[in-house]
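Q: If you want the building blocks of each chain, they are given just below.
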Amino acid sequence: MIRSLRVRLMLAAALLALLFMLALLPALQKAFSMALQESIEQRLASDVTTLISAARIEHGQLQMPELLPDERYNLPYTGLMGYIFDRQGNQVWRSRATTDRNINYHPRYDGRGNEFARIRQDDGEEFFVYDVEVKLLGGKNAAYSIVALQPVREYQDTINGLREKLYLGFGAALLALMVLLWAGLTWGLRSLRRLSLELDEVETGARDGLSREHPRELLRLTGSLNRLLHSEREQRQRYRDSLDDLAHSLKTPLAVLQGVGESMGQGSGEREQARVLQSQIERMSQQIDYQLQRASLRKSGLVRHRVQLKPLLDSLCSTLAKVYRDKRVAVDVDVPEHAQVPMEQGALLELLGNLLENAYRLCLGQVRVSLQETPGHLVLCVEDDGPGVPADQRERILQRGERLDRQHPGQGIGLAVVKDIIDSYDAHLSLDDSPLGGAAFRIIFNLD
Amino acid sequence: MKLLVVEDEALLRHHLFTRLSETGHVVQAVANAEEALYQVEEYHFDLAVVDLGLPGMSGLDLIRQLRNQGKSFPILILTARGNWQDKVEGLAAGADDYVVKPFQFEELEARLNALLRRSSGFTQSTIAAGPLVLDLNRKQATLDEQPLALTAYEYRILEYLMRHHQQVVAKDRLMEQLYPDDEERDPNVIEVLVGRLRRKLEGEHGFKPIDTVRGLGYLFTERCR
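Just so you know, the sequences run in chain order A and B.
What the first sequence shows, in the numbering used here, is residues 1 to 448, in sequence order.
What the second sequence shows, in the numbering used here, is residues 1 to 225, in sequence order.
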């Protein structure tokens, strides 16, 4: 199937033009040949008239002058031949131009006066014949058939020449038409190309919507797309705002409950109930965090986001450096200055925030973030020099809500959120040992 | 230490007020940013706990405004969503640490104490000045490795003076550490408390780290580590 609109239009136009020309060509040839034959007939008729006016009857015999007024009858190979036949069909005279050639022609004497015809000789040569029957010649009673002939060859040459010119002309016209059509389509389709460029910009996040500078025929489409983009963005924002409100309205009461639980725990009799209460509060809180983050951070449909990694890493590292100030963590960021990652800003921030916080919390004093581009893949690696994760527990800690270090209360769903974000972007998360001595989390993005 | 708590949810505000007061801090708890700005304008605080989701002016704007006014006390943010966007923005605006709701009070307390230690230049949980050692977690002072029997008020004054060692501390500042409300304040009480504290520190070995700077306040003369 031909996928290009331009090629389709070109092919259709070329086919149409070709059919049109194929139909036109025989009609033109026919018209021309009829006109040509008519002019030949008229000329031969006038040539016969020359012969008639030159003929005389003397003593009952036909007398023709030695030289005829029309030079073409007198010179050989002029192509114009004159013959006179008597009533019995015997040739009684022929012009010099016939170069003594006999012609196989039998006048019909059918009383019609004159006749224009095309005859073929035994050697295959064809002639146009104009035959005039005369009964009275020079006032005397005599019946002759006066015939002028012209070879068809010349006529055929003219027709062939014309056909050649027609083919050439039509070919050139077709070519010119194609060139003009190509130029016209390029001009016409430029607006579609501009639309496609604008869509690219929308997808990469460089522009919010499509411009209004498009042909009228496309404005409905671009208008609809803009409305769709706008409503998707609005809906996403509204969705996030609602989730924020939901988080705030659910978690603040939980914080109050947590406080109540702690107060209960101080009383000696209710320590067990307080413990149950607190563990349930923590579970609810983790579920809220997980589901809310999951809902708000999954990949969006239309826009293909790309985020510059370096500035985002810098802001996260300065945040964590402030929080873990006492630890004096040495961070090595090995990321090219303008490197981009195919994710949405918010999702990448959560992803790296969770991984980096783990690294900062568990490291002895060194954290490394690096980005490597391999053919078709982008590998983002976060490593630390902490205790690492034993091989048999690696799969488990990537599962939802699972965490190894239960001494640090609070953000227990970090890795589950990380895994969920990565899955929604069709990326892959792996966990193994780092040369630094601790854990190495690798996120592998497909660049296709 | 004098703490400012900015939290719009009344129950949580009350809980924080009660628990922080119990751990020996003087707490001023307010419901919105405007009140917080007023309090900061009027009084000296050693630390603020700010909820990000405040009605009206947001917690983030409050932090920015406080830093713009040149207030340098540590700020700990409370966030409900616990997403990194909030944490990064909060810390970039000038906060020093974050705690995600719901939290265990012990975690909040540990973070607060770490911030307080850091702000007074101490990274350990003890402050030592010669034979005197203060355990900030246990709120216990020892002199020559012997526990010193101090009342809660005496301990607060000693801790505040040691945190601001080799600086003159005004009596008003010390009073703010003891009483959250203006009407209860009586300058004589400070003089009485400092006098008792001096006698306890002097003990048998004659350790005299607290000087009076006439008309200005008190000075802890020993170098603290």
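Hint data in this document are derived by calculation from the structure and do not stem from the laboratory.
Among these hints, one or two may not hold up.
Stated by the list, open to error - Sample of chain B residues lacking proximity to chain A, with all beta carbon distances greater than 12 Å (derived):
id	residue
1	Glu35
2	Leu52
3	Asp86
4	Phe103
5	Ala114
6	Val133
7	Leu150
8	Arg214
Unchecked claim - In the DSSO-like style, the derived pairs of lysine-lysine whose C-alpha atoms are separated by at most 30 Å in a straight line are:
id	chain 1	residue 1	chain 2	residue 2
9	B	Lys139	A	Lys327
10	B	Lys208	A	Lys327
11	B	Lys208	A	Lys322
12	B	Lys200	B	Lys139
13	B	Lys139	B	Lys208
14	B	Lys200	B	Lys71
15	B	Lys71	A	Lys322
Stated by the list, open to error - To give an idea of the interface, some chain B residues facing chain A are shown, with a C-beta separation under 8 Å as derived from the structure:
id	residue
16	Glu41
17	Trp84
18	Lys87
19	Pro102
Where a beta carbon is used, it is the ideal one built from N, C-alpha and C, also for glycine.
Q: Indicate, hint by hint, whether the structure satisfies it.
A: Here is what the structure says about each hint:
1. A cut-off of 12 Å between C-beta atoms confirms that glutamate 35 of chain B is not in contact with chain A; the least separation is 18 Å.
2. Look at leucine 52 of chain B: its CB is around 9 Å from the nearest CB on chain A, not clear of 12 Å, so calling it non-interface is violated.
3. Residue placement check: aspartate 86 of chain B does not keep its beta carbon more than 12 Å from all beta carbons of chain A (closest about 9 Å).
4. Here phenylalanine 103 of chain B does not stay apart from chain A, with its beta-carbon only about 7 Å from theirs, under the 12 Å limit.
5. Residue-level check failed: alanine 114 of chain B sits 7 Å from the nearest beta carbon of chain A, not beyond 12 Å.
6. The non-interface label for valine 133 of chain B is consistent with chain A: the shortest C-beta to C-beta separation is roughly 20 Å, beyond 12 Å.
7. With a cut of 12 Å on Cβ distances, leucine 150 of chain B stays outside the contact zone with chain A, its closest approach being about 23 Å.
8. For arginine 214 of chain B, the condition that its CB be more than 12 Å from all CB atoms of chain A holds, with the nearest at approximately 39 Å.
9. Distance hint between lysine 139 of chain B and lysine 327 of chain A is fulfilled; the C-alpha atoms sit about 24 Å from each other, no more than 30 Å.
10. For the proposed pair lysine 208 of chain B and lysine 327 of chain A, the alpha carbon gap of about 35 Å is over 30 Å, so the pair is violated.
11. Among the hinted pairs, lysine 208 of chain B with lysine 322 of chain A is inconsistent with the structure: their alpha-carbon atoms are about 37 Å apart, more than 30 Å.
12. The straight-line distance between the Cα atoms of lysine 200 of chain B and lysine 139 of chain B is roughly 16 Å, inside the 30 Å bound, and the hint therefore holds.
13. With a C-alpha separation of about 21 Å, the suggested pair lysine 139 of chain B and lysine 208 of chain B falls inside the 30 Å cut-off, and the hint holds.
14. Our distance criterion of 30 Å between C-alpha atoms is broken by lysine 200 of chain B and lysine 71 of chain B, whose separation comes to about 35 Å.
15. Note on lysine 71 of chain B and lysine 322 of chain A: the hinted pairing holds, with a Cα-Cα distance of about 17 Å set against a maximum of 30 Å.
16. Contact between glutamate 41 of chain B and chain A, as hinted, is not supported at the beta carbon level, the nearest pair being about 26 Å apart and thus beyond 8 Å.
17. Using the Cβ-Cβ criterion of 8 Å, the hint placing tryptophan 84 of chain B at the interface with chain A is satisfied: the shortest such distance is roughly 3 Å.
18. The beta carbon of lysine 87 of chain B is positioned within 8 Å of a beta carbon in chain A (closest approach about 6 Å), and the interface hint is therefore held.
19. Among the interface hints, the one on proline 102 of chain B holds; its C-beta lies about 4 Å from the nearest C-beta in chain A, closer than the 8 Å criterion.
Comparing the model with each earlier hint shows violations of hints 2, 3, 4, 5, 10, 11, 14, 16; every other hint is respected.
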